[in-house]
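Asks: Chains as they are written, first to last, in the numbering used here: chain A, 1 to 83; chain B, 1 to 83; chain C, 1 to 83; chain D, 1 to 478; chain E, 1 to 478; chain F, 1 to 478.
Source of the hints: derived by calculation from the structure; they are not laboratory data.
Check the hints yourself; a few may be wrong.
[As the list claims (entries may be wrong)] Computed, partial: chain E to chain A, Cβ under 8 Å: (1) V93; (2) L97; (3) F160; (4) F413.
Ideal Cβ positions, reconstructed from N, Cα and C, are used throughout, including at glycine.
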Amino acid sequence: MIGNAIMLMFIGMGIVFVFLVLLNAAISLLEYFTREHTRNEESAMAEADLARKNKKKRKSMPASGSHVQTAVISAAIHAYRKV
Amino acid sequence: MIGNAIMLMFIGMGIVFVFLVLLNAAISLLEYFTREHTRNEESAMAEADLARKNKKKRKSMPASGSHVQTAVISAAIHAYRKV
Amino acid sequence: MIGNAIMLMFIGMGIVFVFLVLLNAAISLLEYFTREHTRNEESAMAEADLARKNKKKRKSMPASGSHVQTAVISAAIHAYRKV
Amino acid sequence: MLLKVSIKNGAELKVGDNVREGDFLALIVDKGHNKITITSGVSGNVSYINKDLYKKFTPLDAGASLLKIKKQDIVVHSTEVKKIEDKLSFKTVFSNLLKSTGLYAMISDNSANWTEGIGKLLMISVGLLLIYLGIARGFEPLLLIPIGMGAVLSNIPLAFINDEGGIIRYVYDSGIKTGIFPLIIFMGVGAMTDFGPLLANPRTTLLGAAAQFGIFTTLIGAIILTKLVPGIDFSLKDASSIAIIGGADGPTSIFLASKLSPRLLGSIAVAAYSYMALVPIIQPPIMKLLTTEDERKIKMKQLRYVSHREKIIFPIVVIVLTALLLPSAAPLIGFLMFGNLMRESLVVKRLSDTTQNALINIVTIFLGLGVGSKLSADKFLNMETLGIIVLGLFAFSFGTAAGVIMAKIMNIFSSKNKINPLIGSAGVSAVPMAARVSNKIGLDEDPHNFLLMHAMGPNVAGVIGSAVAAGILLAVFM
Amino acid sequence: MLLKVSIKNGAELKVGDNVREGDFLALIVDKGHNKITITSGVSGNVSYINKDLYKKFTPLDAGASLLKIKKQDIVVHSTEVKKIEDKLSFKTVFSNLLKSTGLYAMISDNSANWTEGIGKLLMISVGLLLIYLGIARGFEPLLLIPIGMGAVLSNIPLAFINDEGGIIRYVYDSGIKTGIFPLIIFMGVGAMTDFGPLLANPRTTLLGAAAQFGIFTTLIGAIILTKLVPGIDFSLKDASSIAIIGGADGPTSIFLASKLSPRLLGSIAVAAYSYMALVPIIQPPIMKLLTTEDERKIKMKQLRYVSHREKIIFPIVVIVLTALLLPSAAPLIGFLMFGNLMRESLVVKRLSDTTQNALINIVTIFLGLGVGSKLSADKFLNMETLGIIVLGLFAFSFGTAAGVIMAKIMNIFSSKNKINPLIGSAGVSAVPMAARVSNKIGLDEDPHNFLLMHAMGPNVAGVIGSAVAAGILLAVFM
Amino acid sequence: MLLKVSIKNGAELKVGDNVREGDFLALIVDKGHNKITITSGVSGNVSYINKDLYKKFTPLDAGASLLKIKKQDIVVHSTEVKKIEDKLSFKTVFSNLLKSTGLYAMISDNSANWTEGIGKLLMISVGLLLIYLGIARGFEPLLLIPIGMGAVLSNIPLAFINDEGGIIRYVYDSGIKTGIFPLIIFMGVGAMTDFGPLLANPRTTLLGAAAQFGIFTTLIGAIILTKLVPGIDFSLKDASSIAIIGGADGPTSIFLASKLSPRLLGSIAVAAYSYMALVPIIQPPIMKLLTTEDERKIKMKQLRYVSHREKIIFPIVVIVLTALLLPSAAPLIGFLMFGNLMRESLVVKRLSDTTQNALINIVTIFLGLGVGSKLSADKFLNMETLGIIVLGLFAFSFGTAAGVIMAKIMNIFSSKNKINPLIGSAGVSAVPMAARVSNKIGLDEDPHNFLLMHAMGPNVAGVIGSAVAAGILLAVFM
Ligand code: NA
Ligand code: NA
Ligand code: NA
């Protein structure tokens, strides 16, 4: 029975390697054939990211003389005058 | 067999129409018998809606001399003075 | 059959009580054996609670000269003046 | 033996048809409304059918030969679809369609057996009533709406939703007959229950025990009814299933009834959930009657802190106790405590969440439908159901009273740490309704006396108590 | 009778094996591609096997004796695992492994029966196509991805995923054959549907009725195809199952086909969902052809307010109507309305939420896999599937046209409150796609004319309408 | 043949009882602890019972006649409930209740068979230990808590939770024996797994392959143990099931064991999950032993961006490869990839979400309970379990070593883009634990070298690798 077990090991590991080497090859082919698309998607994503970040920046840092602060101040002034 | 199929069409469409016409009638009866309730519910809903909107308005536009406004104003003043 | 039913009542209620009295005892033993741990856990919880509350307080009252505090103070001043 | 019974639902066999062992041949109803299913004992070919007898609603004499089956050793079953080549005439089709309306079926079947005609109409009304109570009156809607809908759908004539091959029959057979659904519900209940208040004040287990008194007195009541009222014929098993209503615990009632008295399952489940919904109406007068104003004002000392470790070990302790003393309660208590362990362990939050939400909700829907399917006219529209409803009320009342009295007895023996007897009534379970009732009555006397958390102790003890009672009854009768 | 058939899948029995009554012995395929399952009629011991005949793909003569079973009255079945003590030689193992590759199986089986070889490859491609349509083209991905995957997995040779004991076979047998899955989906659809627009304008039920015309004309079409095209042989039951595609309602189609024509289930489900996805392409030209510009610009008056009470009572009314008139539609309409009642009652939000989410999602996945398993080469790659695809297109087109024309007819009889005929096409159901198409075409003519809510009336009426049609066909053929 | 066996659980039949073909008659245990179920081969009436033999724990001689059944061709089965009219005496009831305590059963059954007495107590302790490990030590609590609870509940004497008709038996039979639960778990795992890191660096598939070496060496080890250790007797099938523990993949182990060695399922599942939890303890010393400091500091270049399209096509590619080469792995890999396709397609978010949450959680609970039910004293408390535990440790260690060495070998052949050998150990799967271990050891050497994403590549490749290994073993033995 040990003979059988050793044989199973060789055959088994052999097939596992064959399968995963083929998978490796398949993935590489997949990468090759979608190369163009991947490049486009990546740059599109990067742009979208950039745009989102800029938007966020604008939102979270209104400290630099932005219109939000201005609004608060002018609202206050306006209220004052009313009094 | 075509005869059977044609017959099935007449009987089938007939029953479909009978069923849905009866459903139509049933819905109309349902409307009729719940008319009073529906009217009440609708006006209650409208009032609740109005109340909610007013509340929201008050929250988002605290223009009517509340203490929040006060804080905003005084903050503004304080900022002014700092300058 | 009524005899059977009455007997069932006595036996049944007996076992229910035995079971739940034993459960009572088991819970008391459980309390006894985890007493130490419970005390530790409770005090740890209390401390954590306190810490959290303080943190919250600090958050809502950022006493370290931030602009929010300023706003609160100035609001207070403003209120004073109004008086 | 089968004297003067009638075939209710012929299997529509023809001479030459193949029959396998175990195949359905006929459903016969005897005078006691027991359904007798006749299945084939051999596999083979139908070689003879007595056409005079083998049709619906025909009385049978004892010894009558219905059909003969020629045994074959190899059974061939083809998926080939036989085509309807013979012309359908307009008249035939129209008449067939007419006969396939529910209205026609009700009227024509009614002449043979009222439970198949007007009885179905009445049961649909009962189903609609349950739905109404659930929606408009807020009676345990999570259960009563599915149960009501199950009753409605199961009683539609010719829809076969509750017959062999119908969806609700599948649901009943696979989920309720097997006891799986009530146990999963119990697992969900465990995952939703905090046993902390019980751990903080373990004496309240006694209240949870006392309140089970309602169960066993009702058992006696059911037997007395059997003696006194003609048309009511409860066996001890039936009486036990009915009595468990007093446990005020839906899944436990369904679990026990599905094992001991499936024929009464519908009435029992409906009574159990209805009375659970009526707890705020049934309990207060009894509670007030049995307590003085001073007792109702007793303030209990604040519950001690209960550690996570205790809460984690508790379900294990309960399971071990059950294993040693009352294994027949182990399915119920085991699943309750498994759910609770998942909750308290804090390390399997995703399992606990799913148990408390998707899983218990899915099972609740199908449990309800399945229970509703037991609401058939022949089983529900009789004196016995009336008896069950009366007995259910007794069960709840006795349980409530026993809980309150137990609290008073305990106060005699302990001078300090008095128990407010109002929390005794919470021992019937009906979580958390009964505890809320205790709290409300307490607040009525003293607006600063919050009893809710104190009442949760006996309340959850009552869940364990009624599972224990169910286990005892199972051990006696199984 | 079994002239010249071939054993497809021997049960691999040896002389001396135990056999129980009901055990599988062989699967035989006749010339009409009908599978004939042979099971044992007795329990006992295999005493003789004809080794020449009892193997794969061997033609059988009528009267051939395959095997003999010696009857035993007590059957002993041990769990003892028989050990493989005989040496596995390297050569044997390697050759066995080679023979267990899919590639080898396809090539070797192909010589005996192309549907087992290249046919499987083609069906895997069909599955991949469905997945592609779902993902890249947005064709009803919730169904087409699981269906496609079911087709792919079921057609992998030697994987036995769709054979006795395989997971997808279990899924099919327990969920689709029984009709449970489509009904649960319908319950979920009910819980997601607001019947308010129908209640506000009940006249639109007529549009939902008219659009079912597509169903019945297609039925005629299927019979005509049978007469005209060789290789197409639809019975009336088949024709009915195909016709229901015109109802544009996936679960209804699957439910009906699983009852009347399981062999066509795969093609029918695929056609139904594909055309539902194509509604925005099929309907507009028909709608424009049948309406004038003025008609397309008709503005409908705003829908009235519909109270909660109406919405709660509505599902009950529909169920009662179904019970009285068309019980055979009660499973479908009952579960649809049960879901809707849970939604509208507002008191069982947790049940309604789970029905709309976890439950319907779980069932959708398995329904898809199960339906996909019916996409086998012998049932799909033939003229009949082509016929079904052509007929499906007809069904949708006729239904659309009938709905539009019905609206125009109704406008003749009512001078005020004119109906915009564009909402007639929404009567085919395909919720909410068809209503959106009506809205879009309306906006194309007049950018201020929002028809969406008006179109939802006939849209949901169409769901009821096609369930009614399915009920009629069931009543006729069951 | 059945020399000196003992009836373990008499069916409690009386003369005159009806028996149907297939009904349970007796459960007999032979000396090898194999359970032999005796069912009726006919339907009929019990005409004779040998009362001396037909009771619990009675040794049977070969040829003994237990009971006779008179065949009947029509079997009548009434739902009429037989009433217990005979008086229950207080003494009888009390003694019956006493005998129905778990304590009594353990003590009395222990004298006949220790696995039924003290054995059950020990197994309950094992269950509690697993729960303890899950909660207090954080060992895979999602699985070990349900498994532990399954073991506890299944071993409660007289609770019959794991016997015919018990809930956990239903769960096991319908979910695990059929292979359905592990496959659904795999679907959920697929929906939760991002194969991006593997796609970005496909060379890491080789590491996932190498780590399966642990599986096959363990197979040899199991056979060696069989030769050397008395009391251990593993067949090749058993050895294969044990070996798959080295795949570090729970569902794969359960799936394979349920097909090849159900009797070892409990031990195997427990060992698999325990060692998966121990990965952070087992792997580091081996990893450090086999690598130099320089190797552990190798920085790998950042992973490239992987597009959605690649991620969508990847599961299809894997399925097609499996279909062509190794169909026996198609159920496992098919469901894994179906889950992943739902995730990556982005168009069926609701299905993917439910698969990742409600569905996998529900199945996990019941899978655990079912696996736990296989932890019975006669199957667990023996040398074989000890052997499995030792072998499991070997399996993990060899797999870890093989992965690391493979990485070093690959570095010999590629001068640029060196692989940090620490990620080799992640090839055993145990997602994501093994990858985290790689990351941690890497950070220990160089706090700026984050290996996590790099290690996810071999980690997910390992999942595919062990499914492939399971497929090979299935192909050889089925
Ligand atoms: Na109770
Ligand atoms: Na429709
Ligand atoms: Na692995």
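Asks: Run every hint past the structure and note whether it holds.
Replies: To see whether the hints hold, each was checked on the structure:
Below 8 Å, beta-carbon pairs count as interface contacts, and V93 of chain E has one with chain A at about 6 Å; its hint therefore holds. Below 8 Å, beta-carbon pairs count as interface contacts, and L97 of chain E has one with chain A at about 7 Å; its hint therefore holds. The restraint placing F160 of chain E at the interface with chain A is violated, with a minimum CB-CB distance near 19 Å, outside the 8 Å limit. The interface hint given for F413 of chain E is violated, since its Cβ lies 55 Å from the closest Cβ of chain A, which is over the 8 Å cut-off.
Consistency note: the structure conflicts with the earlier hints numbered 3 and 4.
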